[in-house]
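Visitor: Okay, here's what each chain looks like letter by letter:
Number of protein chains: 4
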Amino acid sequence: MSLDSDNTVGASPEILEHIIRCNEGSAGSYGADDITKRVDALFSEFFEREVFAFPVATGTAANSLAISCYTPPFGAVYCHGAAHIMVDECNGPEMFTGGAKLVPVTSEGTKLTLESLEAAHARGWSTSFHHAQPSMVSITQATEGGTVYALAEIEAIGGFAKSNGLALHLDGARFCNAMVSLDCSAADMSWRAGVDVVTFGATKNGALAAEAVVFFDKEKAQEFIFRRKRSGHQFSKQRFLSAQLEAMMTDDVWRRNAAHANATARRLSDALEACEGISMAYPVEANEIFVRIPDAAAAKMRASGIDLKSWPEFGPDCYRMVTSWCTGEELIDPVIRAAQAATAGQDGI
Amino acid sequence: MSLDSDNTVGASPEILEHIIRCNEGSAGSYGADDITKRVDALFSEFFEREVFAFPVATGTAANSLAISCYTPPFGAVYCHGAAHIMVDECNGPEMFTGGAKLVPVTSEGTKLTLESLEAAHARGWSTSFHHAQPSMVSITQATEGGTVYALAEIEAIGGFAKSNGLALHLDGARFCNAMVSLDCSAADMSWRAGVDVVTFGATKNGALAAEAVVFFDKEKAQEFIFRRKRSGHQFSKQRFLSAQLEAMMTDDVWRRNAAHANATARRLSDALEACEGISMAYPVEANEIFVRIPDAAAAKMRASGIDLKSWPEFGPDCYRMVTSWCTGEELIDPVIRAAQAATAGQDGI
Amino acid sequence: MSLDSDNTVGASPEILEHIIRCNEGSAGSYGADDITKRVDALFSEFFEREVFAFPVATGTAANSLAISCYTPPFGAVYCHGAAHIMVDECNGPEMFTGGAKLVPVTSEGTKLTLESLEAAHARGWSTSFHHAQPSMVSITQATEGGTVYALAEIEAIGGFAKSNGLALHLDGARFCNAMVSLDCSAADMSWRAGVDVVTFGATKNGALAAEAVVFFDKEKAQEFIFRRKRSGHQFSKQRFLSAQLEAMMTDDVWRRNAAHANATARRLSDALEACEGISMAYPVEANEIFVRIPDAAAAKMRASGIDLKSWPEFGPDCYRMVTSWCTGEELIDPVIRAAQAATAGQDGI
Amino acid sequence: MSLDSDNTVGASPEILEHIIRCNEGSAGSYGADDITKRVDALFSEFFEREVFAFPVATGTAANSLAISCYTPPFGAVYCHGAAHIMVDECNGPEMFTGGAKLVPVTSEGTKLTLESLEAAHARGWSTSFHHAQPSMVSITQATEGGTVYALAEIEAIGGFAKSNGLALHLDGARFCNAMVSLDCSAADMSWRAGVDVVTFGATKNGALAAEAVVFFDKEKAQEFIFRRKRSGHQFSKQRFLSAQLEAMMTDDVWRRNAAHANATARRLSDALEACEGISMAYPVEANEIFVRIPDAAAAKMRASGIDLKSWPEFGPDCYRMVTSWCTGEELIDPVIRAAQAATAGQDGI
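Chains as they are written, first to last, in my numbering: chain V, 1 to 349; chain L, 1001 to 1349; chain D, 2001 to 2349; chain E, 3001 to 3349.
A couple of the hints might just be wrong.
What the hints assert, rightly or not - As a list, the in silico DSSO-like pairs of lysine-lysine whose alpha-carbon atoms are at most 27 Å apart:
hint : chain 1 : residue 1 : chain 2 : residue 2
1    : E       : K3220     : E       : K3037
2    : D       : K2037     : E       : K3309
3    : L       : K1218     : E       : K3220
4    : V       : K162      : D       : K2218
5    : D       : K2220     : V       : K220
6    : V       : K162      : V       : K220
7    : E       : K3162     : E       : K3220
8    : D       : K2162     : V       : K218
9    : D       : K2220     : V       : K162
10   : V       : K37       : V       : K220
11   : D       : K2162     : D       : K2218
12   : D       : K2220     : D       : K2162
13   : E       : K3220     : L       : K1220
14   : E       : K3218     : E       : K3162
15   : E       : K3218     : E       : K3037
16   : L       : K1218     : L       : K1037
17   : D       : K2218     : D       : K2037
18   : D       : K2218     : V       : K220
19   : L       : K1162     : E       : K3218
20   : V       : K218      : D       : K2218
Keep in mind that the hints were calculated from the coordinates and are not lab data.
If we strip away everything but chain V, and leave its shape as in the complex, we get (with noise of 0.2 Å):
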């Protein structure tokens, strides 16, 4: 066990359970099963109206997918520069759009603003046959930096969008983990707030391999399904794909998951912060640390054992500590005594 990332652990065991009781029998293959039926169901519910959901396995193959229905290959998708869509896909948008540029919006912070959207839609894009045309807006719930947009950041983006003609799409691998940082229902977090389409991230919070594409638009649904296809993300055995969904919103699994994660990120960074010359870089709001640690310190947290994750992206001090649905206090104990073990002799004992 480590606190690399969230994919490194395992699948929580009541996804687990449900796919050894979903292989009894036999089922319709390619979605044409009970279980595909009722996941449909369950996220019309948890999104408090009727959505049109599809299983996938992976985050590149959600977003690219989702992105691919609203914008053409002349079209262009505003993301922050450190959007998961833009630095850790290797162009997956690009190749399932069809040669579509992502636009990174200079924006100081972890998040999309109101303002760097405008200024970077004020340089003209939509105003010439000439430049790639402005077709979406992506943002990333919780961020890449361990941040959550506020429901009034969305409302703010959400307007902008609309106002613009343009879509916009809500990259949730961590979407649970900002609901339940947000304390708000998954309908605040996205439709009502303008969001188009939502990337549903189930893998980090538990799933073995599962995303939810959830449209609120029929017609852009009906597009998915050959999009999907295509791109090989159509699996034979859906029940497969679909049990672990119907797991994750059954029972609360998905809250009880993230909750877990965020409070022991929590737990983990107050208690971090509390020691001497280390600092977080981002408000932890989710299941993400980014924590800056003096040299000195770090290297002595080294020498007694622990694996710190360098995270230059945000400077040559920080590092990135995540937990996840399982992690234990076996887990993160050892790397709070390490850091005030470190850093206990600088304030001139």
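Got chain V; can you put chains L, D and E on it based on the hints?
Guide: Just chains L, D and E, lined up with the frame of chain V:
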């Protein structure tokens, strides 16, 4: 349970159990785990040489990725007109290659023949920049008609490919069924016969969702890694994909499952063929049966509760039945009895 | 000079002269010039309704762009197996559509027939998300075999397209030759017969490099503008493209040029057909001749200095001859004389 | 006439005359003509080594094709944030590469610098399969800000590219203007400095519509041929493209035209700079002027009939003026006089 397809059934117990086993503890994400390493070794052993085997979740992904490593956007792939890549992947290969062309090669029956390939190639595709440039041949083993290429047939196609500078892809969605049918080695059915890249199917043979793309060339394998990532087929918790393949390749699970499916198909087809007026559209050499049933008999069978699946592609009187790793006598016996009953009076007794 | 093709000849004097005229002074770039505006008006007059006509420089660009506005990446285009878009554009339509499929429809002869289309469509492409989704039919007028669709034939195909929700594209690389042959209006040969988008060819008919993509639907025309730009087919000094079309559409240059080519082809083919043993592979209805010449006669003709161009696609004894807007008697008379001489003794004189 | 752009003017007389000359007689189509052969030789002489030069009609085509021969779909191209390929080609490079990414490199001023490239590369794009893989650097010469890279600056970037396994593309839409400005050879400004492929612009320098893509590597040149064809940029009557380039490269037309444009820009900018309160946004080193004019003065100039073109990208007080091969004194003198008049009283009269 039904004979609809080999992907309406669930997963083999050995595979599910291994997934549960592999869920313990943490593991490197994105393929940096021990199980994935072992899978590579297992496939090298299986193919009797160093191979580069990559787990993906679907056949469309495996085929499209394999082809995209050998076919430029201006390339052309010769395949059978009924090939899965041509008919059933919603332009997946076209997407992954960036717009290459699949050239349907006219053949009698269910296989590409040397003659049909030579005739297609003689039309001169490679002679001018006006045309798509032939880059590859793709064959399906076992075929979409339930037959199996003999080793000599693959070797002939492999020779044609080599001498014309083309790569040879083998879509082995039912690779193991074909191996069992031929009673040959994986090496004989692939690289020794001139195959460059294999889609090794596990899903239909008892996995939840797992195929392997098997390269014999290291450079192509390198390129695959980027193509897999950007198409969304690199799993974060890859251990769960690899675990399926590890279980499949251990203790001959692959062989047992395929042998059961083949033997059951044989028993069923033998019994059907013994019925007056019923015949096979093509020789039953793996686990798919395409059977011609006179209309009157088919109507009687349906009336007695048998769910016959029409296969108009092979004629108006043709029906498909597929056996799997778990098809039991309770499933085929009623079909046989109904066929016998439906045809009993036809010869005038 | 030769009969090799209608693109080995130069440009019509009216067109060159107009280019020189249009070179005077400055003009808005990227299509914001007066000549381009006039071209739009000329085409609207020519087609007897409001059209949206865009000049591009090559037939591959015109065809691929036209198709890409009507075909999603998961789409399929029915066309003749010998269609230029299928055989001679090196996967251009596949590139512009982002990976759609061209489905070669088996037809006797040089035309798509209603029957052949219905048979292809009955194979069920549109019935499942596994398959590429039919979006369009594309026909070539005049055809790749030198024949011309009768209006009723186009109407039948147009009706089929409409009733199946497909768009109809007409590749009119030799549009004017066909119009002259049918002695019909552009409207009759296009939108009145159910055609949605036309590639109007001017290059072969006397331009330097100019075709027009003609839309009857404004929304599609909007999309075209972005697709043209990103594919590099928006000229900065567009007046020079538009000037070619303006000259072509003025004072019946288009008709005179096409009529000359057709009449010359007719004269040549009539004379050849009168020779013992020589026959036409297909009726000569425009400016292309596909002629069968017995081997001995062909050898004699070549020995007398005639450059015969083999056309093996239509058989080992088939040769192609193409007349153009400027093919003179000095070019065809020697061919006729050589054919007469080569076949003179064959009937035993 | 105006100073709007160097593509609102017509074609140089030498070029038009040569087109007329080349219209005589027939010529092999699709590049199999003598003029095209001579153009290849002319470019080899011009670049002082064997090159493979291909005429196309637009800069977007030339750039996108050049890039696509060096960049896989999972690749990344470093370029300036204001680069034409980034901003003004409506995702052309993304289309031709099948979805590669252009990475805007933050630079002060109008040029990529070694430091800015090193900083971008240090972000680690090439270190993991999660990221797009850097394949290329693209620079514009002269730049989008009217400046010209010194040879040493190109060499530094060339060295960076080589040592990091990247290819170097030079977008030379104004190649000749830059050569004249540097008074250097084409070889010095390209392959001797580490450039792998050049877009050689002729349209802005007096052609109707012609650019050359110049390769120094034969293998890449082979691939180009197929990519050109499928993108619709292989002209059938290619002699008319080649003729423009032949005329341009003969008798120093390229140099005369570029020298005239540069000298006129210099005269204009010198005179403007002498006006109180007017300054240049960037040094005027080729034929583009970006000039800052105080609001009051700009208003007066407009009132006196001068058509000032705002260039907000470089600031609210910035205007662009472009001279061309044929910009005469009658065009710039009124601008100078108006500027003088508009600023005359500002220094306290």
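Visitor: All hints are to be evaluated individually against the structure, with a verdict given for each.
Guide: Hint check:
Between K3220/E and K3037/E the alpha-carbon distance is near 18 Å, which keeps this suggested pair within the 27 Å criterion. At most 27 Å may separate the alpha-carbon atoms for a hinted pair to count; K2037/D and K3309/E meet this at roughly 23 Å. As the CA atoms of K1218/L and K3220/E are separated by approximately 23 Å, the hinted pair is consistent with the 27 Å bound. The hinted pair formed by K162/V and K2218/D meets the criterion: a straight-line CA distance of about 24 Å does not exceed 27 Å.
Of the pairs offered as hints, the one joining K2220/D and K220/V holds, with about 19 Å between alpha carbons and a cut-off of 27 Å not exceeded. Taking the CA atoms of K162/V and K220/V, the gap is near 17 Å; set against the 27 Å cutoff, the hint holds. This hinted pair checks out: K3162/E and K3220/E have alpha carbons roughly 17 Å apart, not beyond 27 Å. Proximity of K2162/D to K218/V is assessed by CA-CA distance (about 24 Å); at most 27 Å being required, the pair is judged to hold.
For the suggested pair K2220/D and K162/V, the alpha carbons sit about 23 Å apart, so the restraint of at most 27 Å is met. Between K37/V and K220/V the CA atoms are separated by roughly 18 Å; this keeps the pair inside 27 Å, and the hint holds. Pair hint K2162/D plus K2218/D holds up; C-alpha atoms about 18 Å apart against a cutoff of 27 Å. With a CA separation close to 17 Å, the supplied pair K2220/D and K2162/D stays within the 27 Å bound.
Proximity of K3220/E to K1220/L is assessed by CA-CA distance (about 19 Å); at most 27 Å being required, the pair is judged to hold. The suggested pairing of K3218/E with K3162/E holds, with an alpha-carbon distance near 18 Å, which does not exceed 27 Å. At roughly 16 Å between alpha-carbon atoms, K3218/E and K3037/E fall within 27 Å of each other, so this suggested pair holds. Only pairs whose Cα atoms come within 27 Å are accepted, and K1218/L paired with K1037/L is accepted, the gap being roughly 16 Å.
Restraint check for K2218/D and K2037/D: the C-alpha separation of about 16 Å stays at or below 27 Å, so the hint holds. Restraint check for K2218/D and K220/V: satisfied, since their Cα atoms lie roughly 22 Å apart, inside the 27 Å limit. Among the hinted pairs, K1162/L with K3218/E is consistent with the structure: their alpha-carbon atoms are about 24 Å apart, no more than 27 Å. Between the alpha carbons of K218/V and K2218/D the distance comes to roughly 25 Å, so the proposed pair stays at or under 27 Å and holds.
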